[in-house]
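Below, each chain spelled out in residue letters.
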Amino acid sequence: MTGTCFIAAGQGLCLPEKQHPLSRMSIDREADQIKRAAGGDPAAIRAIIVGNTAQLNALAYRMLRSHDDAEEVVQETFLRAWKALPRWKPNARLSTWLHRVALNLCYDRLRKRREHVMADPPDMVDETPGPQGQLERRQNIERVQLAIAQLPERQQVALSLCALEGYTNKMAAEILDISVEAVESLLSRGRRQLRQILIEQAGDLT
Amino acid sequence: MTFMKDDRLLEILSAYGASPLNWPEKERSDAEALLAAKPDRFADAVREAGALDIELSTLPNVDLPGGLIESLIASAPIREDAFQTNSHKSSGWRLPVIGSGFATACFSLGIAMGYALPAQADRNFESSEVALAYALFDNDFSSFLDETDS
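Taken in order, these protein sequences are the chains called A and B. Going by this note's numbering, 114 is the number at position 114 of the first sequence; the sequence numbering is gapless. Going by this note's numbering, 16 is the number at position 16 of the second sequence; the sequence numbering is gapless.
If you're looking for bench data, these hints aren't it; they were derived computationally from the structure. The model shown is predicted, which means the values in this text are computed figures rather than measured ones. Hints may contain errors.
Simulated DEER-style distance windows between Cβ atoms [said to hold, decoys possible]:
| id | chain 1 | residue 1 | chain 2 | residue 2 | range |
| --- | --- | --- | --- | --- | --- |
| 1 | B | Gly67 | A | His116 | 37 to 43 Å |
| 2 | A | Gly133 | B | Lys26 | 37 to 43 Å |
| 3 | B | Pro60 | A | His116 | 27 to 33 Å |
Cβ atoms here follow ideal geometry from the backbone N, Cα and C, with glycine treated the same way.
All chains, please: the whole structure from these sequences, using the hints.
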């Protein structure tokens, strides 16, 4: 596994290194790809879909904690992209724009959830019974997910992008359309608040 | 020798956690040097940030739903003739165009033969001529011949 390891709280932890579409392609090459996709070129369209879907889906899932909702957000994002591509101006990277659209769709859904009593809550984790260790792991995942969900939305996004999905602060700043310093502030406040929530839940962190 | 101030490293630990991989790339080497120079000064901050990193690391990667990419491609506005207007041609998309050209040629040939053959041959000759013409294109058009013979 590529990535880096460190020791914290007496435990070794290795984090994988992730690649993101924002860092891969030159602006010129992307502009050419967008032009071809706008003309219906199947290869260009496929490249845009394959190059962005996993990241968009991960971000949407982190925000919505529902696989179905995340999938719908990704589909809606691309539908909007196909409409927008013929009028595309290369002021921003397509990946950045796609992330922004997906995020706005996530915000809309989160707002609707708050406005309406939900008949079906988001699928937090699989509740299938299993061995004790597996059950504890699931409960732990749910505990952390619920704690993140209590953060303000912008802090959730910053944490999801930088701490969970491996985006750089610069990429997160582009997506959120704020400065790198503002991203750092969101991260700092988000981590502090998350730590507080987890401590209140469990009494202490691991 | 590092030019980073203690407060800046504390800010980095607070925002990005204890893993240098997540620290801003431009400041990473300075931050690591400062941490190595004063481990005791930052021990508490590293421990605190690392504990939260471990909590966050329990969250699994988000798997891509099976079939999502195919579904997205199926709903995309792909133009079958797009390869004619761009430089990135995909051989897979030539087939429908070649097929339609071939169908046009066959249709024209059929019309021409329809005028020519009845005047010079009996029904069997007509069938064998048409079969020969279709055979030149290496395709099986037996269903059309069956209709002609019935």
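Against the structure, the hints come out as follows:
1. Look at Gly67(B) against His116(A): about 29 Å separates their beta carbons, and that is not inside 37 to 43 Å.
2. For the hinted restraint 37 to 43 Å between Gly133(A) and Lys26(B), the CB-CB distance of approximately 41 Å keeps it satisfied.
3. Between Pro60(B) and His116(A) the beta carbon distance is about 29 Å. The supplied range of 27 to 33 Å therefore holds.
Checked against the numbered hints given earlier, this structure breaks only hint 1.
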